[in-house]
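Asks: Chains as they are written, first to last, in this note's numbering: chain A, 1 to 245; chain B, 246 to 556.
The hints are simulated quantities; they were obtained by calculation from the structure and are not laboratory data. Every residue gets a Cβ at the ideal spot worked out from N, C-alpha and C, and that includes glycine. One should not assume that every hint holds.
Unchecked claim - Have a look at the derived ranges for each label pair, beta carbon to beta carbon:
no., chain 1, residue 1, chain 2, residue 2, range
1, A, 67, B, 344, 28 to 36 Å
2, B, 537, A, 231, 55 to 63 Å
3, B, 531, A, 172, 38 to 46 Å
4, B, 531, A, 200, 32 to 40 Å
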Amino acid sequence: MRQTGSVLSVNGVTKRFGGLVAVDNLSFDVAEHEVMGIIGPNGSGKTTMMNMISGSFKPTAGAISMKGARISDLPAQEIARRGVGRTFQLVRLLPSLSVLENVVAGAVFGHRKRWGRDAEDQAHRMLERVGLEAMAYAPISALTYIDQKRLELARVLAGEPEILLLDEWLAGLNPTEMETGIELIHDLRREGRTIILVEHVMDAIRSLCDRCVVMSSGAKIAEGTPEDVLSDREVIRAYLGDDDA
Amino acid sequence: MNSTSWKEPSIAAIVAILAASVPLVFDAYWLSVSVTAMMYIALSTSWALFSGPTHYISLATGAFFGIGGYLVGTGMSDYNLSFWLMAAIAPIVATILAALIGLATLRLSGVYFVIFTLGLAEMIRNLVSWIQNNFLGSRGLYVLTDFTESHIYWMLLIIACCVYLLGWLVNRSRLGFALRIIGNDESVAKHVGINTAMSKVILFMTTGFFAALVGAVIAPRYTYIEPNQVFSPELSFLVVIMALLGGAGRLWGPLVGVIPFTLIWEFVSIQAPNSTTLFLGLVFLLIVYVLPHGFVGRIDQINKKLKERSH
Ligand SMILES: Nc1ncnc2c1ncn2[C@@H]1O[C@H](COP(=O)(O)OP(=O)(O)OP(=O)(O)O)[C@@H](O)[C@H]1O
Ligand SMILES: [Mg+2]
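Chain A on its own, in the form it takes in the complex (with noise of 0.2 Å):
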């Protein structure tokens, strides 16, 4: 059953690599402007279920669907055109492009297409909006990890998507970083926009998500505010290991 309002939903969704069941029959709906955080130890399936909303890979069994209309199908550019953006656990840039040809990539072939001045205007408001736009004729080699980050952040807004996937972002950074990294994931959700998280970072995702799907193996075994699925016993024994529970 799609719940009203949702614009994303994920139904019975498995995943296997050969015998290793990597997503496990899970289900979840994502409302409009809503910040869902995804969440659970390492291994648990977080990236694999991002990387078959995206489209990177297609789900074994199960269905995805944007806005009622089926997803799950579709190559990754079509689902990049409908409005699905992401960014990659392992920051990916385009190295031989400027830091503004590379935001430009997102704008010219996403979700609404641009070209031309109007891809560059766009290109430099997204450099801006993330902090980056003193850096906009350098070289890719030229910046700091935090500034990579940013660079594909710029990339994927700049194509406006209407939904944000954002693989541990916030990894990697130091205290300073993860402040200003905090706050500018703050501000897109003070926009409105609808976005998916994965992080590890637990301050993070109090601080920022309206609800939580806890991942364990693959499967789904809690979901709910973040304070609800943080205190929950088997969460708890997710992330700690049986005998503490």
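Given the structure of chain A, go ahead and fit chain B with the ligands onto it with the hints provided.
Replies: Frame of chain A; chain B with the ligands shown alone:
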């Protein structure tokens, strides 16, 4: 558009006019060298339109080129059709074939793509030879026209100009930008909404089109055509090596590789005909160890250094 984007086409126009006057100034020997050079300029540049940005090395040029020469030969010899008709049909056939090959292979990653295109070219060559020997009588084909070397040269020049014009337009288009993104990271390309398979197939089709057109236009030069000769795999390698020597990252890169290469190749073929393969190997080593981005890459590097120093 700004003034710098018009500078390149203006220079290109002047170069084209100079190139057009070659048959008026050169003697027969140098004209013949120029025909060969012009043929490789058209082939290497159109090859680089696809392989430059995507880094997919195609060794199928010889197959498309062969289709051009063979169709002109068989059309004129066996069916009494006109040169012009066959020269128009051949590139269409090659384009369709390139589309099929592209759809089947462009999902393959780098090395597999290289080997597949090479194998495919060999298969086409053997298939055509076999058909020729078993069904059409084992004889060569005659391409008899009134064309002089100058005519052939000018036709090749026009084709080369079309390749440059197309390349210039593609570089300024969404398609060209898409190919650069694909060459950087195919996964990112898909996730920003690029139909990667379609973009690659379209460009691959244009290389097939031009290789066949060149093969058709140059056929009258040989007068007598054998399938084994026009489907030469050597041609595929020469096209790749000249393009890489000049630099496949720029539109005018292959040109910078073709001219010195054909001159030296000509010299070596006359002085030491048995050493051409050795020469090919040496150039290949030069590219791999000294000029990974060709002459153009080197020039860009030097320019950059000069700029940094002046700051
Ligand atoms: N392409 C693949 N082929 C085979 N197995 C894979 C593939 N991608 C992921 N896996 C496996 O699926 C399981 C889930 O991996 P996934 O990357 O989704 O976990 P994760 O929750 O994102 O972990 P982390 O927190 O470390 O990023 C792991 O056991 C992983 O080894
Ligand atoms: Mg992960």
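Asks: Failing hints, ascending?
Replies: Of the numbered hints given earlier, the structure breaks just one, which is hint 4.
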